[in-house]
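If you're matching positions, the sequence shown starts at 1 in our numbering and goes up one per residue.
FYI, nobody ran anything at the bench for these hints, they're computed from the structure.
Treat the hints loosely; a few may be bogus.
In silico EDC-like links for lysine to aspartate or glutamate, alpha-carbon gap of 16 Å or less [claimed, not checked]:
| # | residue 1 | residue 2 |
| --- | --- | --- |
| 1 | 260 | 160 |
| 2 | 260 | 361 |
| 3 | 260 | 357 |
| 4 | 260 | 296 |
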Amino acid sequence: MGHPGRTDRPDRDGARSLRDRGVGAGGHQPGPDRDEGAHGRGGRRPGRLARVPGSGGPVHQPRDHHRGPGGDHPRHRVPQGCPGRAVGGRRHGRGPLRVRRLRGVGSLESPPRPAERVVDVVPTLQALRPRDVSGRVAVVIDVLRATSTLVTALAAGAREVRPAATPREARVRYDRLAAARGGTEGLLLGGERMGLRIEGFDLGNSPLEYTPERVSGKTIFFTTTNGTRTLRRAAGTRTGGGGARRVLVAAFLNATAVAKEVLSAEGDVVLCCAGTRGGFSLEDILLAGFIAAHLERNAPFVFRDLARAAAALYRSMAGEDGRDLARAVAAADHARHLTALGFGDDIVLCATLDTTDIVPEYRRGRVVVP
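Can you make the complete structure from the sequences, with help from the hints?
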């Protein structure tokens, strides 16, 4: 039976009687908060039929609950999601969706962006892995004292220095070359273990021993506890795989020259600190910080955390102009150890900035000045 005061007239599709009984499209009962006056007294209008691409016929598509300001007319409906979102390949009321590419953005027309160079620091020999240096410019640092001695020897006129991993290796290579030349003229053995000259060697690891009178024109076979092994590992070996594209030797004695060479080189940079007995060395990190700070002032680089920390540490302990550098280096554990062994003058020399502008480079097993 219909409601009092209203004449029930059947719809052409027979849906009027369903709406009069309070059943909307799809058999849903309208809730108390639904607008029952927008399209007749019966509640919601029936859902639309939409054809799904690739299907055999129409399927029921429920009416959108989101209504625009003009009521429930399809022209005023607001689709769910972002305005203008594509639905089935079309936008509501706007025809096919067209994607417009902005000229010069994400296309072949955009100019190539130069790759930013990365600066990283490896704190110890033991932490240095082949992947850290592969294809990069490696700067090897052993302030107390291997790289300081190498720089001093080559600045004093040494022909070349041939690093060896062990005292035995240095001796074997020395003897082999002496036999090939028919004598030991022009050859020297230099190096240390635990800070002291190796028995039977001509020189130790004190840069003060490498005077022009002693080393000019000579080939030196050289081995130290950490520095020479760091050189070899940075360059790569038969077992360690490919190494750095270039291996530079840095000390405070040539620090600015090394930083300038790095600026003019290509590729990422890794500052390889030798450390002391497998541990962190303050003096090595200070030199890494000096070089990193110089690079930061002169070119756009991407600095890894340890490189940034090293630069901050150098500024904090040595000052922007390096006026407190000698005091900072003297405070290092290894500096105190060497001082106790009687090498206090070495500490003063190794903490001196820019006494030479040479940049030694490790090439094919030899440290030379290019």
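Indices of hints not satisfied (ascending)
1
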